[in-house]
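Enquirer: Spelled out, the chains give:
2 protein chains.
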Amino acid sequence: MSRFLSGEAARLAPYTPGEQPQDQQYIKLNTNESPFPPAPKVIKAISRAELLKLNLYSDPACGQLVDAIAKRYEMQRSNVITGNGSDEILGFAFRAFCGEGKGVAYADITYGFYRAQTALFGLDATVIPLREDFTLNVDDYMDFPGTIVIANPNAPTGMAVPRPEIQRLLEADPDRVVIVDEAYVDFGAESCVPMIYRYDNLLVVQTMSKSRSLAGGRVGYALGSPELISALNRVKYSFNPYNVNRLSLIAGAAAVEDEAYFQKCTGAIQGNREWTVRELERLGFTVLPSQANFVFAKSDRISGGDLYRKLKENGILVRWWADSGRIQDFVRITIGSLEQMVALVDEVSRLLDDL
Amino acid sequence: MSRFLSGEAARLAPYTPGEQPQDQQYIKLNTNESPFPPAPKVIKAISRAELLKLNLYSDPACGQLVDAIAKRYEMQRSNVITGNGSDEILGFAFRAFCGEGKGVAYADITYGFYRAQTALFGLDATVIPLREDFTLNVDDYMDFPGTIVIANPNAPTGMAVPRPEIQRLLEADPDRVVIVDEAYVDFGAESCVPMIYRYDNLLVVQTMSKSRSLAGGRVGYALGSPELISALNRVKYSFNPYNVNRLSLIAGAAAVEDEAYFQKCTGAIQGNREWTVRELERLGFTVLPSQANFVFAKSDRISGGDLYRKLKENGILVRWWADSGRIQDFVRITIGSLEQMVALVDEVSRLLDDL
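Protein chains in written order, with the working numbering: chain Y, -10 to 344; chain L, -10 to 344.
Everything labelled a hint here was simulated from the structure, so no lab data went into it. You may find that some hints are simply not true.
Since the list gives no way to pick one copy over another, a pair counts as held whenever it fits inside one copy or between any two copies.
[Unchecked claim] Derived DSS-like pairs (lysine-lysine); straight-line CA-CA distance at most 27 Å:
id	residue 1	residue 2
1	K30	K42
2	K60	K30
3	K301	K42
4	K30	K253
Let's have the full structure, built from the sequences with the hints guiding it.
Expert: Next comes the structure, spelled out in structure tokens:
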């Protein structure tokens, strides 16, 4: 460990993102990107005139983007904050709502980044195991006195908690913040956004990285009561006031305004998901019931690690977590285009035949 | 204060950025942007083909941008980290190198954001007054046991500490990190970058917001020993692994490769600065000796607040800090195009005549 590190920095638990090979030779089904390009409106909006204004700072209040999101979700400007990806928004939320006397609770199997942020802010974390079948039992959280974070649908399982269950958590303690991370909500799950007007302790975090084809643009946002949003802005202005660049502001606003394209893309992904699930089950896989743009699957005939490695050798990247206990034999497969899914299923089938 | 806030969040000291009116009607000399558009290479690099790839994540290692910066400064990839503006990089550095048992020291009059980040990470700050003439006395820092942050040239004064003075600090305690924030170094001051190979405790932070006309692209970076850069990456991967978006990676790399344009722009700003200083002095102003793309000036005939307000009423924005003690009667004026500076001087002259 470097002699220059602070004690806090020495205790960090940095996140390892999925592989992002820069040579682009793989069929990339490992980081839940959309297989579709951004909306035509996005391409059009990033004009030469806008590029020529890059010498000027972006709007720190992110007005144009905040307004577009507020309009789409039928909320007010004061209900929205935008960030450099939803990871940044999650960071703001962990700092705003957790700390001394306020711990944080999340599932044992969920988005791994929560752990990194817990270490970043030196938080007291309560990790609550999912049930054997990977469902989340909200009763396990009912008496937790700190802040609750639920990825819904969950990653990497793809499984969703029904909205009335979240509602029970919100009502059990109105002074407790519940953060619902809806990164994957647009592929068939039920969003908690409509409950925001009723519960001022509900923060919903979303991203344009998956359903809006803007992973490379880094646009995340949260919707919540003005009180919660104002708390997040307090952190933002302490960390990075100009947190969203000009082109991402424009791209994000255009993406959220292109509803038809959004519906078309998310619909196609759901169709491709149903097809993939059927095919994997036909090949003997156990596939968890996913409402996300990925599936979490395992076979009794090949270990998770072997499947991951053999697919990679054959040009297909999926995500696998080594030393991960009860999910060790699963791989997470992003739902891409139908061509990509056909290639995946063909390759898996061939690998199983060769065993 | 909201009942939802953590104790840490309640103690934050959010930064107030300079006004960024979204209607663009002002001659904007208040946030040190470049008056020139980004380099022609930048405009060309953000092609339609690149926009169509926004559905894919950016490279978390920021390889293309890191390599371009390393090449420009004749360093290795391991000497460079890039961020979502230099504010983010400063945040990483405050977390990496300050904390329990390691306080931070900076000047009483300097970039106000250091204070916000000190509060964000709950740091023990030692604020050391500049001399009466606004020069920084490095002897005041010589025995400080924590991390030292020096904006060089300083903001809002524009005054620079000579490199041998920084060198004395680096040598006095090789286990102490010295962060030199060179946001404004490209307008005539002496950079500490050439000392990086000699001192592994030196971190130089730079930005593309001023001299490279990319304020709206949010591209900052730090140069330092592999040990320091690795510590910063530890924080980055705990906070936001995909911290720079695809288009900013491309824009930043193109900007740093367009050396001729960079030289032309920074040369023009220095010429306009000399002209502006002469004219303001002719009007009786005291102007601190600036090596930045702004000047810090005051007149005995009009208060800082009045000058700021009257200029704003007449369509010119400059920066003024209310309740700021000994700098209360100064305004900070960004050096823009010659046309903008002529408009400023004409307006100031008219205001003084009207007194």
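Enquirer: Any of the earlier hints contradicted here, and which numbers?
Expert: Nothing - there is no hint that the structure violates, so all of them hold.
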